[in-house]
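S.K.: With these hints in hand, go ahead and build the complete structure from the sequences.
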Amino acid sequence: MLPPRRPLPRRFFARDTVTVARELVGCTLWAAAGGRTCAGRIVESEAYLDERDPASHAARGRTERNAVMFGPAAVVYVYLIYGLHYCLNLVTEAEGRAGAVLVRALEPLVGLESMRERCGSARDAGLCAGPGRLCRALGIDLAWNGLPLGDRTSRPVQPDRDVRVWVAAGRAPARLAAGPRVGIRHAAARPFRFCDADSASLSRRPVAEGF
DNA sequence: GAACCGATTGCCT
DNA sequence: GGCAATCGGTTCG
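To get the working numbering, take the position in the first sequence, counting from 1, and add 177.
I should point out that these hints are in silico values taken from the structure, not numbers from a laboratory.
Glycine included, C-beta positions come from ideal geometry on N, C-alpha and C.
Be careful, since some hints might not be right.
Simulated DEER-style distance windows between Cβ atoms [unchecked claim]:
no., residue 1, residue 2, range
1, Leu289, Asp318, 19 to 29 Å
2, Glu294, Glu228, 34 to 44 Å
3, Leu289, Pro181, 10 to 20 Å
4, Arg237, Pro368, 16 to 26 Å
5, Ala366, Asp193, 15 to 25 Å
6, Val359, Asp318, 19 to 29 Å
7, Glu272, Glu294, 15 to 25 Å
8, Pro368, Arg293, 28 to 38 Å
9, Arg188, Arg348, 19 to 29 Å
10, Arg382, Glu272, 12 to 22 Å
11, Asp375, Pro249, 17 to 27 Å
12, Arg293, Gly238, 19 to 29 Å
13, Ala345, Glu294, 18 to 28 Å
14, Arg229, Arg300, 32 to 42 Å
M.R.: As structure tokens, then:
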């Protein structure tokens, strides 16, 4: 049985970033590239705020890289990390206030053949377990930055390449875990990471503390 | 400008 | 568990 496909409205994203991050767990992320459509259930997310959040790219104001975080909600923010991986974020909040949710892991649902092809050897449950792996599995790169969410709002990234990405409803987790964000030093205590505690596709296990 | 480090991953011991 | 890969933003001189 196929997962829900109808896109969530922009107003879902134009809210408090922590609320959006929490409610995204269980939703379905769709991504189409080069005529191949993939989807997965979001099982792990993290909230990144504005100047109030030292761990956020927006902590020190607007730059060329983080500009989309300050724009309208329901837009994709993609950036290069460690010089070799991409991270997918979904912009939140009203226009003018920075905010985004990092999508850290998916349970693969649709297009597993394409994911396997892009990722090489990995168990199916681990194809999208981690922000970098997820982008690789779905074919997401810097060219997607600034793309509005939607199943019709495609953008010809290159003459022969057309991409689209959106989020649909899904199956809410039975046990939603919250805890500190992964791999950050500043504001490390804030419980801005959310995940489905029972998923086999997390980037890492929830730590006992705070769950 | 140079040095340092990051919202990561995969391969090494 | 340790560490290299590899680039851009930030900080410091």
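S.K.: Is it true that the C-beta distance of Val359 to Asp318 lies inside 19 to 29 Å, as the hint says?
M.R.: 22 Å, holds
S.K.: At the C-beta level, are Arg229 and Arg300 separated by a distance inside 32 to 42 Å?
M.R.: Holds - the Cβ-Cβ distance for Arg229 and Arg300, about 39 Å, lies within 32 to 42 Å.
S.K.: Can the suggested window of 12 to 22 Å be confirmed for the beta-carbon pair Arg382 and Glu272?
M.R.: Distance hint for Arg382, Glu272 is violated at roughly 37 Å.
S.K.: Between Pro368 and Arg293, does the beta-carbon spacing fit 28 to 38 Å?
M.R.: At 34 Å between Cβs, range holds.
S.K.: Just to be sure I understand the hint, the distance between the Cβ atoms of Arg188 and Arg348 should be within 19 to 29 Å; is that true here?
M.R.: Given range 19 to 29 Å: holds, Cβ gap about 22 Å.
S.K.: Quick check: does the Cβ-Cβ distance between Asp375 and Pro249 fall within 17 to 27 Å?
M.R.: 34 Å, violated
S.K.: Does the Cβ pair Glu294, Glu228 satisfy 34 to 44 Å?
M.R.: 41 Å, holds
S.K.: Given the range 18 to 28 Å, decide if the beta-carbon distance of Ala345 to Glu294 lies inside it.
M.R.: At 24 Å between Cβs, range holds.
S.K.: Per the hint of 19 to 29 Å, is the separation of the Cβ atoms of Leu289 and Asp318 within bounds?
M.R.: 20 Å, holds
S.K.: Between Arg237 and Pro368, does the C-beta distance stay in 16 to 26 Å?
M.R.: Holds - the Cβ-Cβ distance for Arg237 and Pro368, about 23 Å, lies within 16 to 26 Å.
S.K.: Please test the hint of 19 to 29 Å on the beta carbon pair from Arg293 and Gly238.
M.R.: With Cβ atoms ~41 Å apart, the hint is violated.
S.K.: If I claimed the Cβ atoms of Leu289 and Pro181 lie 10 to 20 Å apart, would that claim hold in this structure?
M.R.: 18 Å, holds
The structure fails hints 7, 10, 11 and 12 (numbered hints given earlier, in ascending order).
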